[in-house]
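Using the hints, position chain P against chain X.
So the sequence lines, in the order shown, correspond to chains X and P. For the first sequence, the working numbering assigns the number 811 to the initial residue and increments by one for each residue that follows. For the second sequence, the working numbering assigns the number 263 to the initial residue and increments by one for each residue that follows.
Worth double-checking, as some hints may not be accurate.
Below, simulated DSS-like cross-link-like pairs (lysine-lysine); rule was C-alpha separation at most 30 Å, straight line [as the list claims (entries may be wrong)]:
(1) P/719 / P/476
(2) P/430 / P/336
(3) P/430 / P/869
(4) P/327 / P/314
(5) X/832 / P/884
(6) P/912 / X/839
(7) X/1065 / X/1206
(8) X/1065 / P/912
(9) X/1232 / X/991
(10) X/928 / P/1032
(11) P/884 / X/839
(12) P/592 / P/815
(13) P/476 / P/599
(14) P/1321 / P/599
(15) P/1032 / X/832
(16) P/318 / P/343
(17) P/869 / P/815
(18) P/1032 / X/839
(19) P/1313 / P/396
(20) P/412 / P/430
(21) P/1321 / P/1223
Hints in this document: simulated from the structure, not taken from any laboratory. Computed from a predicted model, the values in this text were never measured in an experiment.
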Amino acid sequence: MKKIFLIISALMIGLLEPGCKKALVEDPKTFVSPDAFFTTPASYDLGVVGIYRTIPATLGGNGWLTRESFSDIIGPVSGAYEQGLPVWQNNHQPFFYNVRDQWTNHYSIVKDANVMIKRLDEATVLSAAQKKALLGEAKFLRAYAYFQLVQLYGDIPLPIAPLVDLSNVQIARSPQADVYKLIIDDLTFAETNLPDRAAIVGRAYKWAATALLAKVYLTTAGNPLNITANYANAKAKALAIINSGNFPLVSDYAKVFHNTTYTSESIWEQTYQTEVGGNSLMSNSATAPGYVYILTPATWFINSFPVGDQRRVWGIRDTYVAPSGALAPFFAKFVNLAWIDNGTITDNAGRLDYTIPLLRSAEMYLIAAEAENEQNGPANAYQYINIIRERARVNKADPTNVPDLAGLSKDQFRDAVLMERKWELHLEGSTWYDLKRTNRLTRIQTIRGATLTHPIGTYNNTWLIPDIEVTNNNIPQNPLYQ
Amino acid sequence: MTMSWPDFSQIVLIMKLTAFFIIAALIQVSARSFGQQITLHEKNATVEGVLKQIEKQSNYHFLFKVSDLPAGAKVTVNIDKGSVEQVLDQCLANQPLSYTIINRMIVIRKNPAYAVSNPERVIQTIKGKITDEKGQPLPGASIKIKGTSKGVMTDADGNYSLDVDDPKAVLEFSFIGFEPQAVGLNGRTEISIQLKELPKSLSEIVVIGYGSVKKSDITGSVSSVSAEKLTQVKGVSNVAGGLQGHAAGVQVIERSGQPGESLSIKIRGTNSIGGGNDALYVVDGLPLDGLSSQLNPSDIESIEVLKDASSTAIYGSRGANGVVIITTKKGKEGKVKVAYSAYYGVQSLRHKIDVIGARDFANLQNEANGNWNTDNPGATVKKRIWTAGQIDSLTAQGTDWQNLVYQHAPVQNHDLSVSGGNADTRFYTSFGYFNQTGTILNSGFQRYSFRSNVDQKINERLSASVNLSLQQSNYAQGNYFNADGGGGIPFTTMVMPPTQGVYDANGKYTIFTGVPWGQTNPYAVSQLEYRYNPSLRILGNVQVTYQIADGLKFKSSAGIDNNWSRSDYYAPIALSLYTGGGASQSYGNGATFVNENLLNYTRNFGKHSLDVVTGFSYNTTKSQNLSSGTAQGFLTDIYQNNNINAASIKAVVSNGYNDNKLVSYLGRMNYGYAGKYLLTLTGRYDGSSRFSENHKYGFFPSGALGWRVSEESFMKNIRAISNLKLRGSYGLSGNQAIGNYQTLGQLSNTNVRLNNALITGYYLSLLENKNLKWETTAQFDLGLDLGLFNGRIEFTVDYYDKRTTDLLLNVNLPTSSGYSTVLQNVGAVGNKGYEFLMSTKNLTGAFTWNSTLTISHNRTKILDLGKDARGNPVTYKEVGSGGNWFPMILGQSMQQLFGYKVLGVYQTDAEAVSNGEPNKRAGDYKFQTTPGGVLPNDNRVLLSRFEPKFTFGFNNSFAYKNFSLSVLLVGSYGNDVANEFRKYNITLNGLWAPTQEAYDNRWRPGTGSNKYDRPQAANSGSSIRDYANSLWLENGSYLRVRDITLAYDFKSAFLKAIKLSSLQVYVSGQNLFTVTQYKGYDPEVANSFNGWDRGSYPSSKAVTAGVKANF
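With the rest of the complex left out, here is chain X (with noise of 0.2 Å):
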């Protein structure tokens, strides 16, 4: 019996112990490893499609806070917005969550596309189409998102490999002439090799690309590159969107917006699950009881509009009368106002299922003008601008309605065509870009001096890169709001 015990325990502890080794590699069951994972054609394009899912958390209202709320358009906000007061009042700090949001986010976008670039590349399974058509998502997808880091930060770090371990982390900012240059290679790369239309709504496709590119150029030729001659090539991107008749503007403004998927103007659109929604807009700007609003019409903003604009009598709400009473103005793009009528309110306002236009064709017209206008003045500009402007008349038979601009300076035409922008593309996410670009910051310390912590300054073409940016990768930060 004795010997029995003993010869039990000692064959347990000495056949377990080789055994134990193997026992304690890991068998995961609910991920893979990457090498296991991409041997097929669908596998590489499953990883594409992932590069996608941080889009929706960059059109988040920390998002807007810098893209849309810091601008000359927008009146005061909910002191109720955790963080959004100071940043409307410039008082702006490098631990906000908007700094910090629009910053990892981008940056999540451009990881997961370096990984697939270069899995990519060394794919084997691949066609030589498909290898290029998916290497033109993914590379667009990088450029969209470094053009929203450059336009934001400045001069940025640019990885355009994946990290394999964490000897090459830190990076340097690069100057911001490089970093549009891999903008538009990417772009230029993505036009060439993407379909031309999407496997899916959502997914980019040649137009998505040619379209960007237009918004790349035009921004690159403002402040702070300067690169005139980059007119020319915003023209020609936007021209050939124009020009493909693939995009016809939708006949009522109203039309292009409380949709649940793409128009015939849209380009590239973040569309949301029916019913179930995400889109945080209406959050941010209803003004009926319950909403926090980040996103209100400036006083004068409201009064701006051309008499009979589509944009003005549909799009902002400054008598609405709900249930609970009368409400503050509010923008009405992306506003339910059916939830407001039924008093439904609150946490519904995320599950807004409305799309959230990237890119739309209407832009592409108000790009031509100003890019025209700036090569050669106004002359052939107009037809660009006056498309935009017929569209948004209340009554089409009404010439007095948003009347067709004509007889205008060069400086008038520009001062005209950024205006446009402002009334058909607010709450799209290019209000800030476009004050930046133009060297128009300033207009925010005109309109609303007296409600700023700090005064304007060229400190404020670029937002703070976030404190944990800086720390750890050794970078210098951006001049201070001060």
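Chain P only, in chain X's frame:
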């Protein structure tokens, strides 16, 4: 010639007699041939006298012990020419003596052990009484025949009766708390013993990891909490809750009043930033990673909390945060005992928040809107203004949301146990029912628990035991975790305007519109939202012990911990939480299997004592879960969550799988010399699947020394000191509490929103991490145990110094890499502290008063957070849910409130300008605008101290005649609480109901106020919500009467009449009094860490009454 033996030592006697009887047996056959005629007439003679006469008349000689002969016994013999046998038969007829004739030798012995026919195997009944030194009977004392398993226990009067078949038998007398005695029969049939009481605590057996030791021999730092103390406070569902105030160095925070909620317990501070800080629980030898309310505290015999490295190193990689060893009750030899205990109580909200009434609120809205209109000339006028008539039509109070949501809630508990056993089999079996209704409507916790513990002796060497317990728990959760919205009941209840009713004009539930995520009013949420989580937990453990040789034992055990749980959720259509209602259901199972094999060797030689244990342990855990996801859009509430597929918006199903393994080799040696010098060496070699390939194994050694100074000869004369021991230990223990699969490169699937649908995509979620290893805590402990006046006063003091290195820390990466953090072994945390325990018998006699005081002090200090990219030490780090409000700051304790200091309220616009806040004006909060010194160019300062200067528990028990009274005080001193509700409760924007105090002290032109700002519709209080600030902080010190119990024990006469062996009735109160300056619901609060009040379920006070009966 009479030969009477001198009083030789027993051993010699036995040896001689044994030799003698062997010879005797061989030659007995011829004995009777020496027959001689004897005539004897003696009346009332002594036995000795008769024997002398026989010697005179014959050739026989007698052999006997004088002491064996009954002193003073008189015998009568009348024989004419009889044989010697006849004479002896008559002489010894009524005497307890027998004789044996061997040749010419007659041996007289006590009857009947030395009967002629079978001298070795005659059964003799030994009787006696066991008393203490005062002569009081000791019922339940055990009497065992040495070297056998045979034994009995004394009855209620201390009497025993035991059949012994071996005249050489030695009886062992023992009773818990008394010094055992061994007594040889020496022919006696009656042995009564007085046992000597030991200084109480020293004789206690303390359970330690993989064994147990006498308290006197312990070298480590271990807190023991008895069953009695553990169940002292009623209405506590969680085992950890019972520890509060009883164990020094153990900080127990009841983080919420939700019945059945898990607790936050910290043993000697906080070691880890990212690797988890939960103690390891070991139930009857079965290690468990977590223990909630799924164990019936009434089944517990004792809890030992292992604190220092010497004690915890035997648990190696899981010991760093301390080990809580739970031993459940076992059956005792003796009569079957049936015990029943029960209590019933009523709980209520401890304290209501004083928020303003409807009229004040209407006035506030008017004032706030008026001020907004003044501040925004030209903007659309805020119209929500009350007319004087409307205000008059309101009741002063309006809707009291707290009264609507909180209720008086019953709590009841019933425990029935049957236990008993004999020498071979012992059993304990119990059934428990616990039902606690929450003070928030429709929340509560129920537990049905079953336990069966059986110990079986199979043969002299082999024994087995089985512990099996089942717990069915039903947990109905109130919505409180949605801190400041999402229907969070405590939050909404406090801030929802009193001017709103429960229903609107259309009969629909009103909605809290103060925040976009505010949702339906709290009354509706508490009534309708359904969160129900039943679970079944099975703990089973089988142990086989085999005695290989003297002192050498082999023990093998196999155990499982299996937990099945379900979560039901339904938000009915009438709630605004989902459009058309929302429903989900999920199932989970976690299963742990543990196999342990131990060899134990115990031996004493001379002054040396040795106890060695060595073993091997294998532990594997698997968990799986399946969740329906939340579906929404139902036509009817009838389905609840039973027909999720009927939803118009389908749910996204998810499931998961996790596993991990731990392989360990362990060993410990306890060596003692002369009971004075004690040495413990411990080591464990652990392998975990969680770490990278080359770092899977870690070794955790420790050593401890003890010196029982009081055993030294020079101390013997100091009678006041009954015990004095110095202890010191040093060692390592580890922490592996990170997620599984953290070292592998991970490609994860994700839901991508394209084409109005969720489409599956993949992305690289984790980089391969080849260097991840254990987090290690080195701990030094110095302790002193002192007993005075024969244990009447006992002190234990410990000082410890811990240093945790190679922290499993999420190191921040530049997020430009696409990753925000990576888990690495970086940084160090120190914990230093003192623990003090004093138990005293203040009064003895008719009126007794005993008390125990525990005081704990701990200081956690972050010593190292790694280096940043510039090679400078990281001085500031945000971790987890604390974010930038509660960062880790080098040189400070863990999460502290970090933000702006509010200096008061600006009285003039100019004051704001001169203080550097030009867009503020009179009535706005004044912030400190000079750098705070923690971060460059940053005005934020370190604001809080969440770590108490000390915490204490003071337990008193009084007894007089049949009455007994116990009072448990607990408290904490010198700590802050961040009351996040203050963000809303002192905001005067007309959206949220503020406290009366904030309203009364608001800033107004002319009257001013330096406390709270000027009401304004949009902006009042916004600056104190945008930034963490000093206004959130409150003093969190408190002194609480945790429990007070008055009990009455019925007298035995009454008990006999109703056939009970004992009966006690009691009334008690929990949390009846709390002295604190804290204005929130309760200063004892924790969110993700202690001291962060984020809308916790408020704690309650209770009055209970109960009964304890033994049949």
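Now the hints, each set against the structure:
{"no.": "1", "hint": "P/719 / P/476", "verdict": "holds, 24 Å"}
{"no.": "2", "hint": "P/430 / P/336", "verdict": "holds, 29 Å"}
{"no.": "3", "hint": "P/430 / P/869", "verdict": "holds, 27 Å"}
{"no.": "4", "hint": "P/327 / P/314", "verdict": "holds, 14 Å"}
{"no.": "5", "hint": "X/832 / P/884", "verdict": "holds, 17 Å"}
{"no.": "6", "hint": "P/912 / X/839", "verdict": "holds, 26 Å"}
{"no.": "7", "hint": "X/1065 / X/1206", "verdict": "holds, 15 Å"}
{"no.": "8", "hint": "X/1065 / P/912", "verdict": "holds, 28 Å"}
{"no.": "9", "hint": "X/1232 / X/991", "verdict": "holds, 28 Å"}
{"no.": "10", "hint": "X/928 / P/1032", "verdict": "holds, 22 Å"}
{"no.": "11", "hint": "P/884 / X/839", "verdict": "holds, 12 Å"}
{"no.": "12", "hint": "P/592 / P/815", "verdict": "holds, 21 Å"}
{"no.": "13", "hint": "P/476 / P/599", "verdict": "holds, 27 Å"}
{"no.": "14", "hint": "P/1321 / P/599", "verdict": "holds, 13 Å"}
{"no.": "15", "hint": "P/1032 / X/832", "verdict": "holds, 17 Å"}
{"no.": "16", "hint": "P/318 / P/343", "verdict": "holds, 14 Å"}
{"no.": "17", "hint": "P/869 / P/815", "verdict": "holds, 22 Å"}
{"no.": "18", "hint": "P/1032 / X/839", "verdict": "holds, 20 Å"}
{"no.": "19", "hint": "P/1313 / P/396", "verdict": "holds, 21 Å"}
{"no.": "20", "hint": "P/412 / P/430", "verdict": "holds, 15 Å"}
{"no.": "21", "hint": "P/1321 / P/1223", "verdict": "holds, 21 Å"}
Checked against the numbered hints given earlier, this structure breaks none of them.
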